[in-house]
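Order-wise, the sequence lines are chains B and L.
Counting along the first sequence from 1, when you hit position 109 you're at 131 in our numbering, and nothing is skipped either side.
Counting along the second sequence from 1, when you hit position 242 you're at 245 in our numbering, and nothing is skipped either side.
In case anyone wonders, no lab produced these hints; they're calculated from the structure.
Positions of the beta carbon are idealized from the N, C-alpha and C atoms, including for glycine.
Watch out, some of these pointers could steer you wrong.
What the hints assert, rightly or not - So these bits of chain L aren't anywhere near chain B, every CB distance computed over 10 angstroms:
{"hint": "1", "residue": "Arg20"}
{"hint": "2", "residue": "Ala60"}
{"hint": "3", "residue": "His101"}
{"hint": "4", "residue": "Gly125"}
{"hint": "5", "residue": "Gly151"}
{"hint": "6", "residue": "Ala223"}
{"hint": "7", "residue": "Asp276"}
{"hint": "8", "residue": "Arg313"}
Claimed, not checked - Think about it this way: if two alpha-carbon atoms lie no more than 30 angstroms apart in a straight line, the pair counts; the simulated DSSO-like pairs of lysine-lysine are:
{"hint": "9", "chain 1": "L", "residue 1": "Lys254", "chain 2": "L", "residue 2": "Lys33"}
{"hint": "10", "chain 1": "B", "residue 1": "Lys41", "chain 2": "L", "residue 2": "Lys136"}
{"hint": "11", "chain 1": "L", "residue 1": "Lys164", "chain 2": "B", "residue 2": "Lys41"}
{"hint": "12", "chain 1": "L", "residue 1": "Lys194", "chain 2": "L", "residue 2": "Lys33"}
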Amino acid sequence: MKTTFRAALREAHREALLKDPRVLLMGEDVGRYGGAYAVSKGLLEEFGPERVRDTPLSESGFVGAGIGAALGGLRPIVEVMTVNFSLLCADQILNNAATLLHMSGGQLNVPVVIRMATGAGRQLAAQHSRSLENWYAHVPGLRVVEPATVEDARGMLWTALQDPDPVLIFENALLYNLEGELAPDAGPVDLDTARVRRPGKDVTLITYGGCLPRALEAAGQLATRGVEAEVIDLRTLRPLDEKTFLQSVRKTKRVVVIDEGWRSGSLAAEVITRIVEGAFYELDAPPARVCSEEVPIPYAREQEQAALPQPAKIVAAVEALVSPHG
Amino acid sequence: MSAAAREYLRQMLRIRRFEERCAELYSAGKIRGFLHLYIGEEAIAAGTLPCLGPGDAVVSTYREHGHALARGLSMRSVMAEMFGKVTGCSRGRGGSMHLFDASRRFYGGNAIVAGGLPLAAGLGLADQLLGRKNVTACFLGDGSVAEGEFHETLNLAALWKLPVLFLCENNRYAMGTALERAQSETNLSKKAAAYRIHSEQVDGMDVFAVAEAVTRAVAAVRAAEGPWFLELLTYRFRAHSMFDPELYRSKAEVQEWLKRDPIPALIAAYGLDPAPFEAEVKAEVDDAVAFADASALEPVDELLWRVTMREVPR
């Protein structure tokens, strides 16, 4: 059946609230407003204000409360409206959620799920357009995932809720309206592996989240020029599924990593480092990447689009690698 | 009353003699990192923790040796933690600032000022939603009142009527910054009252006054009346940590507060003989030190154990 990324997320929340009485959803405007991105629309009416809980604008307070509630035996889903606001609760995520298990000598695990929207592209300017997944993917103790398909939007949440450790789910805001086919019996998906979204033999494109549709579009354009790109969706940003992308790179011998984060210190840098560590002698060309330009994302549409990874930039990066004269 | 007085004396002496030994062991290089002593504030831990039941939770600060000992963590496990040994209550991974014991619902030792407050709200929320009649006791210092997490948490707790008892140990200094140099309103109970939380100021140097106030507070919180806030007025006799030259307060001020030392005050008020307690406590401290000294370190090949529950590739 045809559905949207948003509806798939909503169905995942319904399923979780129906199946597990310990699950609650809390965050800013998740209830009466219906969610800033309408993900939780209708859930307050169905599950009531105790389990679909509006919070004050106190990111550190309610994220920390979600962590505490997880310690106390609940399975909270905490929605932070966007990654930009997560800077206000970075203390709780890093100093408590990511740290308590190890620091307590293995006594206190934190089964909390923290969701947040991420990414640029909607002319919201610098303070609402960040892609900081890599900041969190840097931190031991966290699992960081990012769905890029309706199937993953539907299936990642339940698996995250079964995880005994904190899981951060990033949702690129451009994907909420994405349409796709979903099997009627679609269910939980793993949070361990990367997926090949398009097979190819000439070059590997590695990406995640909001850049997946752009990488697939670029792959389509490349195909008309006789270049078969293999597109890999990382899905889980920590821990990285090296095996899948190294296997692809060993086959294609060329790689471009597409990452909406800034280039310096990016997730793309980590992926490429692992490729260099693991497949250096099998490469036919230096690894390349297409990242956001190193600038606070501007409001004006033309400037904003120029700052972000685009299919044309991806195509150009691939052509530079595969050109017989390159 | 005198049975209670003797028990309070025993507990305060345990904490004090334990910490005095820790200071010596610090100088001897057996204990490293930060070490924040509670000396002077023992009446709060000794008066508070016996008011809690085994199902209640405790969230603490980085000055938490007294809270841990009074909550029932063994002196052996706390001393071993100071030594960084695997037999420590956090396997030697936390040290002085991060004492944990899940079996006693002791949620630590948080070294980020006010960082534990939101956790306490969440623990209270879990008890509330799961229908458990538990209380979460959340210790905080006067310094935390300047943090956003203090205000966010008090508001949440009041808004959701969470079963949390906030215990603000006001020792008048946030590290070296005197309260009046950091707060426009130095009556901290008023800040809680602004969130419509029942709040009181309590003499934190009087163990009976502490116990009386906490007993009422725990009963009210357990009866689902919402959070309570007690501001416990106290004083830290020692430096902030072992690195503190105490340039920010006068010796005369410390001397004035020493006159209110809760231990001699209790001894005088009840005509108690501390000698038997001193002997018992010395034996316990000696045993804890011997245990810690003899204990093994966590094997280095266990360094990565329980970074996560699922063993995952890097």
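Now the hints, each set against the structure:
no.: 1; hint: Arg20; result: holds, 26 angstroms
no.: 2; hint: Ala60; result: violated, 7 angstroms
no.: 3; hint: His101; result: violated, 5 angstroms
no.: 4; hint: Gly125; result: violated, 2 angstroms
no.: 5; hint: Gly151; result: violated, 6 angstroms
no.: 6; hint: Ala223; result: holds, 20 angstroms
no.: 7; hint: Asp276; result: holds, 39 angstroms
no.: 8; hint: Arg313; result: violated, 7 angstroms
no.: 9; hint: L:Lys254 / L:Lys33; result: holds, 29 angstroms
no.: 10; hint: B:Lys41 / L:Lys136; result: holds, 25 angstroms
no.: 11; hint: L:Lys164 / B:Lys41; result: holds, 27 angstroms
no.: 12; hint: L:Lys194 / L:Lys33; result: violated, 41 angstroms
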